[in-house]
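S.K.: Each chain, written out:
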Amino acid sequence: MVSYNPKDWWKLIFDFHKSDTFRQLLPGILGVALFTAFVAFLENDYFHVTFKNTTVIHSLVGFVLSMLLVFRTNSAYDRWWEGRKLWGAMVNNTRSLTLKINQIEGGSEIKADIKLLLIDFVYATKEHLRNGVNLKSLNQKTRDLLAEYHDNIPLGIMNIIHQKVTLLLQNHDDSYMKMVYLNDDLKSFMDILGGCERIKKTPIPFSYSLFLKKVIFIYIFTMPIGFVREFGYWACPIVALIFYVFVGIELLAEEIEDPFGTDANDLPTDTIFNTIKQNLNQIF
Amino acid sequence: MVSYNPKDWWKLIFDFHKSDTFRQLLPGILGVALFTAFVAFLENDYFHVTFKNTTVIHSLVGFVLSMLLVFRTNSAYDRWWEGRKLWGAMVNNTRSLTLKINQIEGGSEIKADIKLLLIDFVYATKEHLRNGVNLKSLNQKTRDLLAEYHDNIPLGIMNIIHQKVTLLLQNHDDSYMKMVYLNDDLKSFMDILGGCERIKKTPIPFSYSLFLKKVIFIYIFTMPIGFVREFGYWACPIVALIFYVFVGIELLAEEIEDPFGTDANDLPTDTIFNTIKQNLNQIF
Amino acid sequence: MVSYNPKDWWKLIFDFHKSDTFRQLLPGILGVALFTAFVAFLENDYFHVTFKNTTVIHSLVGFVLSMLLVFRTNSAYDRWWEGRKLWGAMVNNTRSLTLKINQIEGGSEIKADIKLLLIDFVYATKEHLRNGVNLKSLNQKTRDLLAEYHDNIPLGIMNIIHQKVTLLLQNHDDSYMKMVYLNDDLKSFMDILGGCERIKKTPIPFSYSLFLKKVIFIYIFTMPIGFVREFGYWACPIVALIFYVFVGIELLAEEIEDPFGTDANDLPTDTIFNTIKQNLNQIF
Amino acid sequence: MVSYNPKDWWKLIFDFHKSDTFRQLLPGILGVALFTAFVAFLENDYFHVTFKNTTVIHSLVGFVLSMLLVFRTNSAYDRWWEGRKLWGAMVNNTRSLTLKINQIEGGSEIKADIKLLLIDFVYATKEHLRNGVNLKSLNQKTRDLLAEYHDNIPLGIMNIIHQKVTLLLQNHDDSYMKMVYLNDDLKSFMDILGGCERIKKTPIPFSYSLFLKKVIFIYIFTMPIGFVREFGYWACPIVALIFYVFVGIELLAEEIEDPFGTDANDLPTDTIFNTIKQNLNQIF
Amino acid sequence: MVSYNPKDWWKLIFDFHKSDTFRQLLPGILGVALFTAFVAFLENDYFHVTFKNTTVIHSLVGFVLSMLLVFRTNSAYDRWWEGRKLWGAMVNNTRSLTLKINQIEGGSEIKADIKLLLIDFVYATKEHLRNGVNLKSLNQKTRDLLAEYHDNIPLGIMNIIHQKVTLLLQNHDDSYMKMVYLNDDLKSFMDILGGCERIKKTPIPFSYSLFLKKVIFIYIFTMPIGFVREFGYWACPIVALIFYVFVGIELLAEEIEDPFGTDANDLPTDTIFNTIKQNLNQIF
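Residue numbers (our numbering), protein chains in the order written: chain H, 952 to 1235; chain X, 952 to 1235; chain Y, 952 to 1235; chain W, 952 to 1235; chain Z, 952 to 1235.
A couple of the hints might just be wrong.
Same chains, same names: a pair is fine if it fits in one copy or spans any two.
[Claimed, not checked] DSSO-like, lysine-lysine: derived pairs with alpha carbons at most 27 Å apart:
#, residue 1, residue 2
1, Lys1087, Lys1165
2, Lys1066, Lys1152
3, Lys1164, Lys958
4, Lys1228, Lys1151
5, Lys1152, Lys1165
6, Lys1062, Lys1051
7, Lys962, Lys1051
These aren't lab readings, by the way, just hints derived from the structure by calculation.
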């Protein structure tokens, strides 16, 4: 995630960041402008066509298209923000579980192991949502315990954490009372892991992606036909601007829809991981 | 569910997938274009009618229609996404329950049975939401236990799971403390099953479906009357385009509203079932 | 609730169901058309008024009115869908409670009573949300127990269920551990009953209903003044169409706002009651 | 809250209820009409100005203003509906807690006290959200117990309820198991009290209120400048109508934003209090 | 937070509060007006350009821009309101925990300590979300206990609270039953702390901020080109007004997006802290 000051207008307007939509769309914008110029030349200077003004049509379709794009933006943003909430819950629940574990009498070695495993769980979840976990980055201890478990690494680590917690409590009279006490926190990790996997694996339905792209395409490429009669060569920047706005919105939605990568708009899971590590180490 | 790369614009724009709305609507689009041509011929070349421009009316109604379609899209998408969340919860809770069961001392045979029954429960739920469960695809053991239970198969399996869990804990001193510990996970299966049944059985209210289709119909078929005076035969592609956009949105909403089938836009419940099976088998 | 196939376009467009908004509005539509014709006659043929085009005003107000109607539709639909969710929770929680009760050792007679009482609770809630409960339709046993309890019947039945559950557990060592285990399910019935009562008793705020109806009225009845200058007698179908669309949306919202009745768009609480009855009888 | 039949269109359209926005805005509407007439006289008859049509500007700004007003309406309605849900939860949880308390063995006097205190809690919360609690309306018993507690009366009552519940359970072996059993219900009262206080004390951010009112003001009072050229004295009803619609929406939002008073649109907390009282007295 | 009467229209319209968007934007508004005047001079009086009307383009783009701004406003407001809810939960849960702690027998000194620590936790969270906690403002006792804990002060205080609660319950037979009873309240503090940190640290995605500012900039600065042909020097107030409305909405969203500071629109966390302090001191 890029850190930025949202109130620095001039910088944001004139700085062309690597991940800036404008920079990404520049070839497209120029292409559309050229295409419009070509249509303008054909219609006005070559064929001398006498179309009537069709801007009304593009108003009508532009309206429904805008609403679809806002629907698209909303659903992509919801996904991004849900991902952020899940990682926020990761912070809250690792803290809460460690605070609780810390107060349980005895087993200080097992408690240290659980802390390490929790940190590895967060790390493994982060990598699992990118390109898969590189086992070598995990703790040596965790790696040994994971020996026969390679498919879903975070799930494997959570299985070991459950074993360790059971071990910690095995001689306690009220061991399952304590399990009930720890239950919410422990259970939540499965919800976080599963929730992130869900967001990663389920983009918006195929047909919507198809439909939106087709409608934008038809909308932009039929636009010059009517507009060049009205505005002549001035239609080039106009169509290019509308192309920038409409395609830009779709592009932004695509970018934030899968928020666990390392792009400029992705969630700062690396930073969150470090915060968690630091926090847990401060508790005990 | 079709897997696709949402960033591959050209492919999505020019590939006419079997489930593509454009392909499905092609006959309709051509029909509307022909109808418009016919109206154009009647008005302009035969009766030489001198209507005034009525595009303002279609702007006005088009606006409220667009907003209704966005409402429709939102409510259909919410249904689809809620279905996805319920199946995500299926993943999370089968994992969580198995992790917990695995740590309970003793009864390893019963624990294996519970795992098998959980897998069958997921399978039965998946099929129950389609055309009903084919008992033959279930485990032999499960089938024997289900002998007298044929109406709601997943509910029957869950009844057996409850029996098995009670059996597993029967000689434990703190059996109901453990039941409380397992309660959230066990209970959630009833919420998932019921939630999916709710989505499947309740489309948007009858009157909305009726109303939307009627308004779209009137909207599209009165459109040529005013438009052919303004645009002549050019009204054909215009009306066809608007038909494509408006009817397409309604069609997409219909498609994703019932997300448990095997259509291109339906949820990948088969894949999710396989993930669950694999995950549970890795835990023990 | 009417069962229908949402994909059967032609049938839905041309079938004039009893609860169809079009049929309900037909007198209004004709009235508005006549009124417009009368205005057209007065303005164009009698007074020969020379108004300027005021369609721009109706565009402006039409826009904000559409957005209000969408807000109205959203809030009515949310109510309908929340009602559906509450009845879905009724299904889930009666199932879940019965599964749990079934596994508790001993007291098979009391358990059968609880099942009967649960079925009566669902039935009483359903009727309570319509015209009040006819005590005669309840089980004889339930009626005897309800003797001194006539104000809120479902609440009375739930009181008896609590008594029966306490009775069932009274000689158990861990009776309140079991109560905690059953707590979520038992408590949820109060949330469902109260939630449905809330939806039934609270329509959208009085002033909104008043305001929306007034604005629609002024909007529709000032429309002919400007439109008949522009479109002559053609304004009749135009104004009638706009009347149909705008008043139709308000009417649909009114219909689904109170979803517990027996209208075509109301929730299928009768069917849900039968499902619950069948499900509980299959569990034991 | 005013009880009304939402389907009685004619009554709602022509009845000018005391709290009707139309009646409240009447002076404003007449004022705006006079102002427009004055501008019309100045521009058309005195200065004979020759402005161009500026309706396009008011369309553009009107659009964004409408969307802001819908945002405003949504957030105000959400507040109103959340307040209703909190009072619904008050109904559900007093019922649920009383059902549970009723089944606890022994202490019938303390149980009667708890019931009285619950009723006083609901009453005190209702008054606390208006002008503060008049201690004299509370039960004599409650008043004595509250002797040294005057700042937040409902919180004080809840403190006494906690004392009474502890007293009720003090000789029970499993007293804290029972506390866990009652926990959800008891705890919810703090959430309800705090939630209502939050809604009451936090209107939408200051700047939004300021901004919306300024934009509406500029919008309405610049409108005649362009409109009187186009429509002459007919601009008076037009501008007055638009004033009614836009200011009406803002006014309605203001009215329902703080829903705990005794205005026509406020929540029926008095009725709800009576329902609760009646229900609790029926349980035992 | 500024306290204000939302119904005092005239005051709100004519009072130019320090934090008023209008006052903040005044230089910008004047700048845009001058720029438009300059363009008007160039086009109309110097170059005598004969552009065609381009207001249709600004309508089209203005529409999609409005919808994006509403999306922006919604997401910023959701953040603000979620922050308010979290601080509301802070009120509810400190009250609820103190009510419960108060009823636990024995350890009155430890109970007093816990109360002090809770107040310090709220204070530290408030400051932590601004510029970091000044340790000197905390209780001497808390400071001593925090000796080796300086990174996340609220987390450190919560760790001490957990120690104190364990200490309070250490000789109780059912200590972990009581922990389960207190669990919801204790755990919620981690959710509140983490939730506030999440809102503070995560503005809307970088690309959206960039994109919106770029589109607004292009929109406003291309507007005079077409408008001065249509309206001459009258375009100056028109463009300035549109600048005020569009940039104002973005500015308001920026202001409320990070709601924990001390600006006019920020949440009243200082007042809430005082309420909590007062409430806890009244409980015991």
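S.K.: If a hint holds in the structure, say so; if it doesn't, say that too.
M.R.: Hints and how they fare:
1. Lys1087 / Lys1165: neither (45 Å within a copy, 44 Å between copies)
2. Lys1066 / Lys1152: This pair counts as between: shortest inter-copy Cα distance 25 Å, intra-copy 29 Å.
3. Lys1164 / Lys958: So lysine 1164 and lysine 958 pass the 27 Å test across copies only (10 Å; inside, 33 Å).
4. Lys1228 / Lys1151: This pair counts as both: shortest intra-copy Cα distance 24 Å, inter-copy 20 Å.
5. Lys1152 / Lys1165: Answer is within: at 23 Å inside a copy they meet the 27 Å cutoff, but 32 Å across does not.
6. Lys1062 / Lys1051: Both ways: lysine 1062 and lysine 1051 sit 11 Å apart in one copy and 19 Å across, limit 27 Å.
7. Lys962 / Lys1051: neither (46 Å within a copy, 53 Å between copies)
Hint check: violations occur at hints 1 and 7; the rest are consistent with the structure.
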